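*Asks:* Below are the chains, spelled out letter by letter.
Protein chains: 6
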Amino acid sequence: MNGQPCLNPELASPTHFATSALSKPGNTSKNAFGFSVILTTNQNLPGHRTQGLSMARVDIAPDGLVPPHAHPRASEVTTCLKGDILVGFVDTSNTMYTQRLRPGESFVFPKGLIHFLYNVDSKSPALAISGLSSENPGTQVVPTATFTSKPPMPDRVLEKAFMIDGQEVARIRNHLQG
Amino acid sequence: MNGQPCLNPELASPTHFATSALSKPGNTSKNAFGFSVILTTNQNLPGHRTQGLSMARVDIAPDGLVPPHAHPRASEVTTCLKGDILVGFVDTSNTMYTQRLRPGESFVFPKGLIHFLYNVDSKSPALAISGLSSENPGTQVVPTATFTSKPPMPDRVLEKAFMIDGQEVARIRNHLQG
Amino acid sequence: MNGQPCLNPELASPTHFATSALSKPGNTSKNAFGFSVILTTNQNLPGHRTQGLSMARVDIAPDGLVPPHAHPRASEVTTCLKGDILVGFVDTSNTMYTQRLRPGESFVFPKGLIHFLYNVDSKSPALAISGLSSENPGTQVVPTATFTSKPPMPDRVLEKAFMIDGQEVARIRNHLQG
Amino acid sequence: MNGQPCLNPELASPTHFATSALSKPGNTSKNAFGFSVILTTNQNLPGHRTQGLSMARVDIAPDGLVPPHAHPRASEVTTCLKGDILVGFVDTSNTMYTQRLRPGESFVFPKGLIHFLYNVDSKSPALAISGLSSENPGTQVVPTATFTSKPPMPDRVLEKAFMIDGQEVARIRNHLQG
Amino acid sequence: MNGQPCLNPELASPTHFATSALSKPGNTSKNAFGFSVILTTNQNLPGHRTQGLSMARVDIAPDGLVPPHAHPRASEVTTCLKGDILVGFVDTSNTMYTQRLRPGESFVFPKGLIHFLYNVDSKSPALAISGLSSENPGTQVVPTATFTSKPPMPDRVLEKAFMIDGQEVARIRNHLQG
Amino acid sequence: MNGQPCLNPELASPTHFATSALSKPGNTSKNAFGFSVILTTNQNLPGHRTQGLSMARVDIAPDGLVPPHAHPRASEVTTCLKGDILVGFVDTSNTMYTQRLRPGESFVFPKGLIHFLYNVDSKSPALAISGLSSENPGTQVVPTATFTSKPPMPDRVLEKAFMIDGQEVARIRNHLQG
Numbered sequence: 001m002n003g004q005p006c007l008n009p010e011l012a013s014p015t016h017f018a019t020s021a022l023s024k025p026g027n028t029s030k031n032a033f034g035f036s037v038i039l040t041t042n043q044n045l046p047g048h049r050t051q052g053l054s055m056a057r058v059d060i061a062p063d064g065l066v067p068p069h070a071h072p073r074a075s076e077v078t079t080c081l082k083g084d085i086l087v088g089f090v091d092t093s094n095t096m097y098t099q100r101l102r103p104g105e106s107f108v109f110p111k112g113l114i115h116f117l118y119n120v121d122s123k124s125p126a127l128a129i130s131g132l133s134s135e136n137p138g139t140q141v142v143p144t145a146t147f148t149s150k151p152p153m154p155d156r157v158l159e160k161a162f163m164i165d166g167q168e169v170a171r172i173r174n175h176l177q178g
Numbered sequence: 001m002n003g004q005p006c007l008n009p010e011l012a013s014p015t016h017f018a019t020s021a022l023s024k025p026g027n028t029s030k031n032a033f034g035f036s037v038i039l040t041t042n043q044n045l046p047g048h049r050t051q052g053l054s055m056a057r058v059d060i061a062p063d064g065l066v067p068p069h070a071h072p073r074a075s076e077v078t079t080c081l082k083g084d085i086l087v088g089f090v091d092t093s094n095t096m097y098t099q100r101l102r103p104g105e106s107f108v109f110p111k112g113l114i115h116f117l118y119n120v121d122s123k124s125p126a127l128a129i130s131g132l133s134s135e136n137p138g139t140q141v142v143p144t145a146t147f148t149s150k151p152p153m154p155d156r157v158l159e160k161a162f163m164i165d166g167q168e169v170a171r172i173r174n175h176l177q178g
Numbered sequence: 001m002n003g004q005p006c007l008n009p010e011l012a013s014p015t016h017f018a019t020s021a022l023s024k025p026g027n028t029s030k031n032a033f034g035f036s037v038i039l040t041t042n043q044n045l046p047g048h049r050t051q052g053l054s055m056a057r058v059d060i061a062p063d064g065l066v067p068p069h070a071h072p073r074a075s076e077v078t079t080c081l082k083g084d085i086l087v088g089f090v091d092t093s094n095t096m097y098t099q100r101l102r103p104g105e106s107f108v109f110p111k112g113l114i115h116f117l118y119n120v121d122s123k124s125p126a127l128a129i130s131g132l133s134s135e136n137p138g139t140q141v142v143p144t145a146t147f148t149s150k151p152p153m154p155d156r157v158l159e160k161a162f163m164i165d166g167q168e169v170a171r172i173r174n175h176l177q178g
Numbered sequence: 001m002n003g004q005p006c007l008n009p010e011l012a013s014p015t016h017f018a019t020s021a022l023s024k025p026g027n028t029s030k031n032a033f034g035f036s037v038i039l040t041t042n043q044n045l046p047g048h049r050t051q052g053l054s055m056a057r058v059d060i061a062p063d064g065l066v067p068p069h070a071h072p073r074a075s076e077v078t079t080c081l082k083g084d085i086l087v088g089f090v091d092t093s094n095t096m097y098t099q100r101l102r103p104g105e106s107f108v109f110p111k112g113l114i115h116f117l118y119n120v121d122s123k124s125p126a127l128a129i130s131g132l133s134s135e136n137p138g139t140q141v142v143p144t145a146t147f148t149s150k151p152p153m154p155d156r157v158l159e160k161a162f163m164i165d166g167q168e169v170a171r172i173r174n175h176l177q178g
Numbered sequence: 001m002n003g004q005p006c007l008n009p010e011l012a013s014p015t016h017f018a019t020s021a022l023s024k025p026g027n028t029s030k031n032a033f034g035f036s037v038i039l040t041t042n043q044n045l046p047g048h049r050t051q052g053l054s055m056a057r058v059d060i061a062p063d064g065l066v067p068p069h070a071h072p073r074a075s076e077v078t079t080c081l082k083g084d085i086l087v088g089f090v091d092t093s094n095t096m097y098t099q100r101l102r103p104g105e106s107f108v109f110p111k112g113l114i115h116f117l118y119n120v121d122s123k124s125p126a127l128a129i130s131g132l133s134s135e136n137p138g139t140q141v142v143p144t145a146t147f148t149s150k151p152p153m154p155d156r157v158l159e160k161a162f163m164i165d166g167q168e169v170a171r172i173r174n175h176l177q178g
Numbered sequence: 001m002n003g004q005p006c007l008n009p010e011l012a013s014p015t016h017f018a019t020s021a022l023s024k025p026g027n028t029s030k031n032a033f034g035f036s037v038i039l040t041t042n043q044n045l046p047g048h049r050t051q052g053l054s055m056a057r058v059d060i061a062p063d064g065l066v067p068p069h070a071h072p073r074a075s076e077v078t079t080c081l082k083g084d085i086l087v088g089f090v091d092t093s094n095t096m097y098t099q100r101l102r103p104g105e106s107f108v109f110p111k112g113l114i115h116f117l118y119n120v121d122s123k124s125p126a127l128a129i130s131g132l133s134s135e136n137p138g139t140q141v142v143p144t145a146t147f148t149s150k151p152p153m154p155d156r157v158l159e160k161a162f163m164i165d166g167q168e169v170a171r172i173r174n175h176l177q178g
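Residue numbers (full-length UniProt numbering), protein chains in the order written: chain A, 1 to 178; chain L, 1 to 178; chain U, 1 to 178; chain Y, 1 to 178; chain F, 1 to 178; chain R, 1 to 178.
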């Protein structure tokens with residue numbers, strides 16, 4: 001996949017297959033959306049190299065949102081552990097599939113499709129745990145990939161894409177850049 | 001991939017491996033963005049079942065845009081045949097890669113990443129031909145997947161995602177729905 | 001993979017992508033080992049067809065064991081949600097890798113290798129959630145696959161394999177058959 | 001695939017995803033068959049590493065031939081851009097599928113099968129563009145792989161294979177070596 | 001791969017996983033080259049559906065030849081069991097790799113490349129057994145795929161490809177058609 | 001797969017694609033079970049890197065056993081060359097499939113499942129040759145992976161798994177360690 005070989009079995013130790021990366025709540029105030037995603041990676045969990053999956057801990061502040069995003073290299077099954085989460089994805093026919101998840105309930109986000117998770121509870125945080133079908137799923141958050149990439153996507157492209165004028169492009173970009 | 005078997009070799013004829021689907025310019029006035037994409041599919045080209053690739057003809061009107069979109073199941077190499085096309089994609093670190101393509105020049109859109117093609121010439125149409133690494137690449141156009149899916153993504157999600165208010169959500173949605 | 005096509009998009013509904021299969025504790029007294037594993041499947045979660053992953057809820061009674069087993073088609077990352085679980089796997093050089101997992105801690109079981117989970121707490125049940133890199137991982141429990149398959153593996157094979165005599169084969173088989 | 005990792009994202013620049021390799025007609029007089037194939041590669045287009053596809057520009061002189069050949073690692077869809085090209089492939093039941101392609105018409109060469117492209121116009125060059133389902137498709141030209149490999153295939157093998165005598169083997173080899 | 005599902009486990013019996021297809025010498029006088037290849041298939045060995053490999057028994061008459069051929073979907077490792085076999089393949093740089101195999105010696109034919117096996121002993125038959133990396137490898141025999149496909153490849157293509165005249169094309173074709 | 005690139009074509013020689021590793025009987029008295037398996041590997045056969053298959057020579061002493069084992073990365077087709085071999089595998093529904101193989105007869109061991117080969121002849125050695133669907137199949141022998149891994153699996157786990165007491169665990173372990 002990425003040119004990194006498996007662990008050399010002679011150097012592997014049990015700790016290479018264990019991680020406490022998901023053990024503590026993520027900081028949901030680091031971004032304005034109010035969410036945190038912590039993923040197992042080949043760095044924090046060397047033993048999952050070449051294994052083709054990863055796990056993620058998703059914390060969402062009250063009324064917080066994991067904004068519409070896609071994983072170019074993974075499908076995802078998420079299981080709600082705490083709270084009340086509205087989830088949804090849009091397929092390639094532009095149909096949206098949405099559900100409200102309570103603890104223990106699971107939902108599939110098919111590979112590469114735009115999806116979101118919204119904590120509909122304005123008072124309590126929500127928690128979900130996800131399996132992803134790649135050890136390196138990658139993530140593109142739709143509003144930031146379009147409005148605040150570096151360098152920025154040309155205004156003309158965004159104006160025509162969202163059918164807004166240059167001032168609105170600038171306003172959205174500014175808000176998103178915090 | 002999709003449960004459709006290969007062609008039964010006893011029923012296959014040369015015409016199953018040939019198509020003129022890409023031979024005529026697409027109608028770029030069918031959508032407000034000013035583009036047309038025609039793809040070889042297992043329907044118009046039955047012989048490409050199980051072959052893992054497809055070809056696309058991309059016509060773009062003067063000043064027209066193939067809006068930011070992603071193919072959940074394919075990477076793409078596009079070759080400009082006519083005109084002057086500004087292309088770009090955003091990677092999972094939110095870096096944008098952009099180029100101006102003149103006839104004969106090619107560009108890679110890595111698998112599953114958001115990309116666009118903009119005809120910078122306001123007088124002449126542009127034409128590109130693309131190879132895609134799946135016989136069924138799928139496409140999600142970012143502005144329509146977010147603002148005009150059916151049923152619609154909840155306003156609250158779009159307000160928080162793009163940091164706009166409900167009126168702006170409604171305005172963008174209306175514009176995009178034409 | 002298994003000849004089952006994707007969901008027909010025209011018949012898909014949001015409920016095809018949602019399941020509450022993992023929401024309730026499994027019955028750990030159905031077997032003598034004291035464990036229950038509930039998996040998302042193409043039956044209880046039709047939307048995960050072709051997505052290449054599944055999720056499992058693992059309940060283990062106090063002092064209960066998920067006995068040494070392997071998934072022929074999947075690697076696994078397990079995250080402890082409750083309790084104190086001793087986990088381990090053996091690699092193809094016959095080295096064992098083992099860890100004690102407390103809530104929030106995760107462990108990798110590489111593809112196809114024999115592994116176990118043991119609830120070291122003799123008073124409280126344990127709970128883990130796992131992602132698996134196949135929508136149909138399959139499971140072979142080592143003691144039952146060897147001693148209580150139907151029809152049974154020949155005594156001579158088991159005697160020589162485990163270097164025990166026929167009476168011991170019969171005794172182990174009887175115990176395992178309950 | 002080949003041990004080359006992806007581009008290091010920190011070193012990638014937009015030019016790594018762009019190439020003008022296909023922009024100019026190839027030199028069809030470099031070989032006696034009268035064709036030129038220029039391919040995007042991981043060298044001239046570093047960004048297509050790991051993307052699983054490539055594009056090719058195929059120029060054929062008047063009455064020129066891309067001789068029967070196969071790509072061991074790729075299927076191909078070719079689109080005629082100029083001229084009048086007779087294409088064909090042979091399947092594993094020894095059935096030949098052939099078509100005449102005019103500009104805009106496309107044809108599939110299934111993975112690994114022997115195929116050819118012949119410019120039936122004795123006055124004008126032909127041009128086609130192809131997508132291939134591998135970033136490193138490889139090519140074996142049947143007459144040169146059999147008659148002019150280095151070292152050569154033993155005469156006895158060629159005599160028996162084509163049911164010709166040693167003089168004919170020598171004559172064909174000499175012609176093909178120019 | 002080919003739309004055929006796995007065996008329904010409820011209908012599977014041990015005989016679905018066993019075959020004596022390779023137990024008897026093939027008839028090497030059915031073709032003028034003097035060889036016979038018998039392959040395990042999803043028909044004679046239903047249990048190897050979806051398993052991604054097959055086995056072949058290769059019998060070669062004294063001075064017989066398995067003519068240059070390629071498997072579009074498989075690499076092959078062949079092990080000589082009897083006799084004295086000259087084997088070789090040509091790579092995509094037109095280099096030939098050749099060896100003489102005595103009983104117990106093995107040789108690799110990389111995926112999709114043209115290769116041959118020649119029994120250099122003019123008095124005794126030879127026998128080899130091969131593993132192939134597909135349950136449906138497919139075979140294209142170079143001389144027959146080029147000269148005796150149905151319908152035939154156009155004479156003009158063969159004349160230019162092998163640099164021979166129309167009479168030689170006809171002669172080779174006639175010989176190969178027996 | 002394992003970070004090792006293909007052979008550099010400029011350094012490859014015919015001997016990289018040939019091996020006599022399988023030419024001589026293995027030493028079946030090196031272990032107490034009475035078997036020997038010799039495999040083609042990327043070390044003894046560098047040319048099979050990236051080719052996705054390997055071959056194995058299986059020698060079994062009279063009354064010897066290849067004990068229940070699984071290959072985490074490969075399915076296998078074995079062909080009996082000499083002797084009288086009882087083979088079997090257990091599927092994920094705990095059904096055993098078993099057959100008696102005489103020379104020329106073949107049997108499939110599906111990917112990752114526990115299987116065994118037992119030489120039922122108490123006087124003559126048996127010989128089989130297998131194809132495996134990976135260049136690095138890996139092997140876990142069930143009794144040794146469970147009872148004699150290093151470090152050992154905890155007694156408590158083995159007692160509960162096989163429903164035996166600590167003395168029996170110690171006795172089996174001692175026998176297996178020879």
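In short, the hints are calculated from the structure, not lab data.
Hints are supplied without guarantee of correctness; some may be wrong.
When chains are identical, the list treats them as one kind, so a pair holds in a single copy or across two.
As the list claims (entries may be wrong) - Below, simulated PhoX-like cross-link-like pairs (lysine-lysine); rule was C-alpha separation at most 20 angstroms, straight line:
(1) Lys82 - Lys150
(2) Lys123 - Lys30
(3) Lys123 - Lys150
(4) Lys123 - Lys82
(5) Lys150 - Lys24
(6) Lys24 - Lys160
(7) Lys24 - Lys82
(8) Lys123 - Lys160
(9) Lys30 - Lys160
Quantities reported herein were computed from a predicted structural model and do not represent experimental measurements.
*Asks:* Each of the hints needs a verdict: does it hold here or not?
*Replies:* Here is how each hint holds up against the structure:
no., hint, verdict
1, Lys82 - Lys150, "neither (35 angstroms within a copy, 28 angstroms between copies)"
2, Lys123 - Lys30, "within (18 angstroms within a copy, 40 angstroms between copies)"
3, Lys123 - Lys150, "neither (35 angstroms within a copy, 30 angstroms between copies)"
4, Lys123 - Lys82, "within (13 angstroms within a copy, 25 angstroms between copies)"
5, Lys150 - Lys24, "neither (31 angstroms within a copy, 33 angstroms between copies)"
6, Lys24 - Lys160, "neither (43 angstroms within a copy, 25 angstroms between copies)"
7, Lys24 - Lys82, "both (14 angstroms within a copy, 14 angstroms between copies)"
8, Lys123 - Lys160, "between (38 angstroms within a copy, 17 angstroms between copies)"
9, Lys30 - Lys160, "between (31 angstroms within a copy, 15 angstroms between copies)"
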